[in-house]
Amino acid sequence: MLYDALIAPFLDFEFMRRALAGVVALALGGAPIGVFLMLRRMSLVGDAMAHAILPGAAIGFLFSGLNLFAMTFGGLIAGFSVALLAGLVSRVTVIKEDASLAAFYLVSLAVGVTIVSMRGTNIDLLHVLFGNILALDDQTLLVIAFNATISLVVMAVIYRPLVIECVDPVFLRTVSRAGAPAHLAFLALVVVNLVNGFHALGTLLAVGLMILPAGIARFWSRDITGMMMISVASAMISGYVGLVLSFQTKVPSGPAIILVAAVLYVFSVLFGNVSGLVRQLFPGRHLEA
Amino acid sequence: MSAQLSFRDVTLGYDRHPAVHHLNGEISAGSLLAVVGPNGAGKSTLFRGIVGILKPLTGAIMLGGLKARDIAYLPQSVDIDRTFPISVFDFVGTGLWRTTGIFGGLGKKARAQIAQALAAVGLNGFENRNIGTLSGGQMQRMLFARVLLQDARVIVLDEPFNAIDAKTSADLIALVRHWHAEKRTVLAALHDMDMVRAHFPDTLLLARGSVAWGATQQVLTADNLLEARRMCEAFDDGAGTCVVDAAHSRAA
Numbered sequence: 000m001l002y003d004a005l006i007a008p009f010l011d012f013e014f015m016r017r018a019l020a021g022v023v024a025l026a027l028g029g030a031p032i033g034v035f036l037m038l039r040r041m042s043l044v045g046d047a048m049a050h051a052i053l054p055g056a057a058i059g060f061l062f063s064g065l066n067l068f069a070m071t072f073g074g075l076i077a078g079f080s081v082a083l084l085a086g087l088v089s090r091v092t093v094i095k096e097d098a099s100l101a102a103f104y105l106v107s108l109a110v111g112v113t114i115v116s117m118r119g120t121n122i123d124l125l126h127v128l129f130g131n132i133l134a135l136d137d138q139t140l141l142v143i144a145f146n147a148t149i150s151l152v153v154m155a156v157i158y159r160p161l162v163i164e165c166v167d168p169v170f171l172r173t174v175s176r177a178g179a180p181a182h183l184a185f186l187a188l189v190v191v192n193l194v195n196g197f198h199a200l201g202t203l204l205a206v207g208l209m210i211l212p213a214g215i216a217r218f219w220s221r222d223i224t225g226m227m228m229i230s231v232a233s234a235m236i237s238g239y240v241g242l243v244l245s246f247q248t249k250v251p252s253g254p255a256i257i258l259v260a261a262v263l264y265v266f267s268v269l270f271g272n273v274s275g276l277v278r279q280l281f282p283g284r285h286l287e288a
Numbered sequence: 000m001s002a003q004l005s006f007r008d009v010t011l012g013y014d015r016h017p018a019v020h021h022l023n024g025e026i027s028a029g030s031l032l033a034v035v036g037p038n039g040a041g042k043s044t045l046f047r048g049i050v051g052i053l054k055p056l057t058g059a060i061m062l063g064g065l066k067a068r069d070i071a072y073l074p075q076s077v078d079i080d081r082t083f084p085i086s087v088f089d090f091v092g093t094g095l096w097r098t099t100g101i102f103g104g105l106g107k108k109a110r111a112q113i114a115q116a117l118a119a120v121g122l123n124g125f126e127n128r129n130i131g132t133l134s135g136g137q138m139q140r141m142l143f144a145r146v147l148l149q150d151a152r153v154i155v156l157d158e159p160f161n162a163i164d165a166k167t168s169a170d171l172i173a174l175v176r177h178w179h180a181e182k183r184t185v186l187a188a189l190h191d192m193d194m195v196r197a198h199f200p201d202t203l204l205l206a207r208g209s210v211a212w213g214a215t216q217q218v219l220t221a222d223n224l225l226e227a228r229r230m231c232e233a234f235d236d237g238a239g240t241c242v243v244d245a246a247h248s249r250a251a
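Those protein sequence lines, which keep their order, are chains F and U.
Heads up: the first sequence begins at 0 in numbering that gives the first Met the number 0, then just goes up one per residue.
Heads up: the second sequence begins at 0 in numbering that gives the first Met the number 0, then just goes up one per residue.
Treat the hints loosely; a few may be bogus.
[As the list claims (entries may be wrong)] If you anchor each label on the Cβ, the simulated ranges turn out as follows: (1) U:Glu126 to F:Pro282: 20 to 28 Å; (2) U:Lys108 to F:Leu125: 53 to 61 Å; (3) F:Leu125 to U:Gly100: 45 to 53 Å; (4) F:Pro282 to U:Gly100: 41 to 49 Å; (5) F:Ala4 to U:Ile52: 23 to 31 Å; (6) F:Lys95 to U:Gly24: 35 to 43 Å; (7) U:Met194 to F:Val152: 46 to 54 Å; (8) U:Thr99 to F:Val152: 32 to 40 Å; (9) F:Val156 to U:Asp78: 22 to 30 Å; (10) F:Arg90 to U:Ala180: 40 to 48 Å; (11) U:Lys108 to F:Pro251: 54 to 62 Å.
The hints are simulated quantities; they were obtained by calculation from the structure and are not laboratory data.
As the structure is a prediction and not an experimental result, all values here were calculated from the model.
All C-beta atoms in this analysis are idealised placements derived from N, C-alpha and C, irrespective of residue type, glycine included.
Please construct the entire structure, taking both the sequences and the accompanying hints into account.
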């Protein structure tokens, strides 16, 4: 019974195995990035950039339909452009980075939806907005795995400057010039992982598998290494349970995965041992020192 | 003694408004210099110029062959994200950046150095605490431990004893004197004149420009302090362009 529900779908159907492999790769690449987005108070920046990817992917779609490479390439270009332009506007004008990003992503979303609807059907639009993790082919899976590998390697390279840039940016500026390149590389990783998530979960939910696991991890660890491990694990669990749920109940798989992550998040808000609500209500007797 | 830092007609400021105005002078290697002056006198701005965060509007700051990164700098309002999950040990360890760089690991020797630095500032036993749990004084001790590890020829401390209790100040000033004894050049912006008189041989009294600069006893006279106090904060939206600069460009 339990076997039928939890394991059989993956043994019986290849598309479920692909989806699982895809979600594991997304978790490995994206969740650690999500932790840094959260710690740098950039969670919504991730969301804004996810929208920014849409027109690029849509232009790829306009030229070659639902073609993997055209849409990936378009998404990457659009994501990088918006990240750089928004950064530039906020640096040289009075507009702050969040307002600047908000402006760019609203425009991007409008342009993207317009482009897709000019050529495609509503089904295509849904595919772009919400992805389809159950339809990952070999090529897409390879692209996702490749991007996840790149993320992990680059993350290892920029880890130290990134941490110092988060904690004490002035100190980093006085000892090294690595701050700005590390920040740019980090933004690039955000874009790469959003494009990655886009194939499986669509532009609107791609950021979900980065931010929700990071939020979950914050409630269970006080240490950044621990947070990254917990975030990866909870992203994987959300992916697996979401796929099972989607298979058994016919709920679309992308939203199912994000909803499972949301349930874990709510559980963590309530019961997490670092500042969870229940813990705050019943902290236990105070210590001696 | 050779000059470690020299200022040649340095003007530093923000958005064309000068905060330090046409400063000339030099600081010899190994000196222990207090920089005093009212709020808005340009002390922090001068320090930001020295460590290379702020470029002079005109003039030049010579570092005597040092690079900006060879100077340890403790800013006044430290822009530290105290909610970031990092332990005291790891935070202080970033002071070893010059030897570890981006990839270098923390070997046995480095770990011993960090432990030593923590002991020197009286933070034994705090290694695994998150930085967010420290009190103001403990935070300042931790920042001093990081400066200690930076092992820099020049150390720049911007109001390091603000809102710090007497015991902590006494411990940290002992560390400053130790650096002086090691022939490092130490600059500190301070408001406590008694502390300056007791511990700092040289003083720069700053009020946008130098009011007096030299041996502390000669600098901190009633007249000089009164003159510095008369300085009004400089930022004036209606200000014209600087006449000194105009004279310079005519001469050129």
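Hint by hint, here is what the structure shows:
Hint check: Glu126 of chain U to Pro282 of chain F, Cβ distance near 25 Å, so the stated range 20 to 28 Å holds. Under the hint 53 to 61 Å, the C-beta atoms of Lys108 of chain U and Leu125 of chain F, about 59 Å apart, fit the expected range. The beta-carbon spacing between Leu125 of chain F and Gly100 of chain U, approximately 48 Å, falls within the hinted interval of 45 to 53 Å. Restraint check, Pro282 of chain F to Gly100 of chain U: a C-beta distance of roughly 42 Å satisfies the suggested window 41 to 49 Å.
Checked against the given bound of 23 to 31 Å, the beta carbons of Ala4 of chain F and Ile52 of chain U, roughly 60 Å apart, lie outside it. Checked against the hint of 35 to 43 Å, the C-beta distance between Lys95 of chain F and Gly24 of chain U comes to roughly 39 Å, which is consistent with it. For Met194 of chain U and Val152 of chain F, the Cβ-Cβ distance of about 51 Å falls inside the hinted range of 46 to 54 Å, so the restraint holds. The hinted window of 32 to 40 Å between Thr99 of chain U and Val152 of chain F is violated, with their beta carbons roughly 20 Å apart.
Range check, Val156 of chain F to Asp78 of chain U: about 25 Å between beta-carbon atoms, so the 22 to 30 Å window is met. Remark: the range hint 40 to 48 Å for Arg90 of chain F to Ala180 of chain U is upheld by a beta-carbon distance near 44 Å. Under the hint 54 to 62 Å, the C-beta atoms of Lys108 of chain U and Pro251 of chain F, about 56 Å apart, fit the expected range.
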